[in-house]
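Colleague: Sequence:
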Amino acid sequence: MNQHRPRSTSMSSRRGASPMRHPATAVVVAGDATSTAAPYGDDGGRKLPLQDSQSSSPSPDTVVSKAQQWWATYLTRLKGEGRVAPSIRPVASIDPLVTVFLSGGTLFILVAIQVWGFSRHSIGLSSMITAFGASSGMVFGATQVHASQPRGVIGGFLIGGIFGITSNNIFRHAPQQDIAMALGAALSVACALTVMKVTSLIHPPGCSAAIFSAYLMSYNQEFQDEGYIFLVTPLLLGALVLVVCGWLGNNAFPWRKHYPSEW
Numbered sequence: 001m002n003q004h005r006p007r008s009t010s011m012s013s014r015r016g017a018s019p020m021r022h023p024a025t026a027v028v029v030a031g032d033a034t035s036t037a038a039p040y041g042d043d044g045g046r047k048l049p050l051q052d053s054q055s056s057s058p059s060p061d062t063v064v065s066k067a068q069q070w071w072a073t074y075l076t077r078l079k080g081e082g083r084v085a086p087s088i089r090p091v092a093s094i095d096p097l098v099t100v101f102l103s104g105g106t107l108f109i110l111v112a113i114q115v116w117g118f119s120r121h122s123i124g125l126s127s128m129i130t131a132f133g134a135s136s137g138m139v140f141g142a143t144q145v146h147a148s149q150p151r152g153v154i155g156g157f158l159i160g161g162i163f164g165i166t167s168n169n170i171f172r173h174a175p176q177q178d179i180a181m182a183l184g185a186a187l188s189v190a191c192a193l194t195v196m197k198v199t200s201l202i203h204p205p206g207c208s209a210a211i212f213s214a215y216l217m218s219y220n221q222e223f224q225d226e227g228y229i230f231l232v233t234p235l236l237l238g239a240l241v242l243v244v245c246g247w248l249g250n251n252a253f254p255w256r257k258h259y260p261s262e263w
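Residue numbers (full-length UniProt numbering): 1 to 263.
Worth flagging that the hints you see were computed from the coordinates, not collected in a lab. Worth double-checking, as some hints may not be accurate.
[Said to hold, decoys possible] Derived DSSO-like pairs: lysine-lysine, alpha-carbon spacing no greater than 27 Å straight-line:
#, residue 1, residue 2
1, Lys-197, Lys-257
2, Lys-257, Lys-79
3, Lys-66, Lys-79
[As the list claims (entries may be wrong)] DEER-style ranges, computed between Cβ atoms:
#, residue 1, residue 2, range
4, Leu-236, Gly-141, 47 to 55 Å
5, Val-198, Gly-117, 32 to 40 Å
6, Gln-224, Ser-93, 50 to 58 Å
7, His-258, Ala-180, 24 to 32 Å
8, Ser-119, Ala-72, 56 to 64 Å
9, Ala-85, Gly-117, 25 to 33 Å
10, Asn-169, His-121, 25 to 33 Å
Keep in mind the model is a prediction, meaning the values are calculated, not measured. We treat Cβ as the ideally placed atom computed from N, Cα and C, and that holds for glycine.
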């Protein structure tokens, strides 16, 4: 009673049928001449899209536009930030007299070391350079400025002195000594200022110390240290005297701001 229906397809027909492939997933055989796949070359290698050589270089209009934009920004920056400067008028305060006393007394200490110390005992050392005048103005006149803080004063002078003395030892033996030492002094200032900015030990008078030490022709020849004793005195000695006197003197008067604001 049960009749078996014949199958629509036999196993042999299924085995002999070729598998269906979707066009999107068709595999392109490398090196097949009949293949028309665009990303592949005749040798089977993949073709890279051609880059336009002119697209990488900016057009003249773009260069002109950027130059005009830079020039407009530059002119605006030359005008400054637009802050209102304080008026120049006398201040009714005794603080200027205190500043005179503190700065003058500090520099007198360095002069006393020079006269009654080194000179009296015929020691070929120095305790005073012109850069200390600028440092005195910063320590006693701009106590809150970052460059007036102890680490800046001491570090700035040492950095400037290292580059200045090293430049002196390199360029003073050059054939054209005057030109070579002048170039060396300029180079020492540039290098010292760069290191000051990198280390955050900026002290502008330290650049003055770099020029001064770069032009030294003879300093303390009896020690035979190539002039590096200049780092100890006057640079380190003067910096320590300035910092200690600024620390003790500025804080002795209640109306003056604290010094240092940072160590």
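Colleague: Each hint: holds or not?
Modeller: The hints, checked one at a time:
The suggested pairing of Lys-197 with Lys-257 holds, with an alpha-carbon distance near 26 Å, which does not exceed 27 Å. For the hint pairing Lys-257 with Lys-79, the CA-to-CA distance comes to about 31 Å; that exceeds 27 Å, so the pair is violated. At most 27 Å may separate the alpha-carbon atoms for a hinted pair to count; Lys-66 and Lys-79 meet this at roughly 21 Å. One distance hint, 47 to 55 Å for the beta-carbon pair Leu-236 and Gly-141, is violated here, with the actual separation near 23 Å.
Between Val-198 and Gly-117 the beta carbons are some 36 Å apart, a value that agrees with the proposed interval 32 to 40 Å. Checking the proposed 50 to 58 Å range against Gln-224 and Ser-93 shows it holds: the Cβ atoms sit about 52 Å from each other. The hint said 24 to 32 Å for the Cβ distance between His-258 and Ala-180, and at roughly 46 Å that hint is violated. The beta-carbon spacing between Ser-119 and Ala-72, approximately 59 Å, falls within the hinted interval of 56 to 64 Å.
Range check, Ala-85 to Gly-117: Cβ separation about 44 Å, and the 25 to 33 Å hint is violated. Under the hint 25 to 33 Å, the C-beta atoms of Asn-169 and His-121, about 27 Å apart, fit the expected range.
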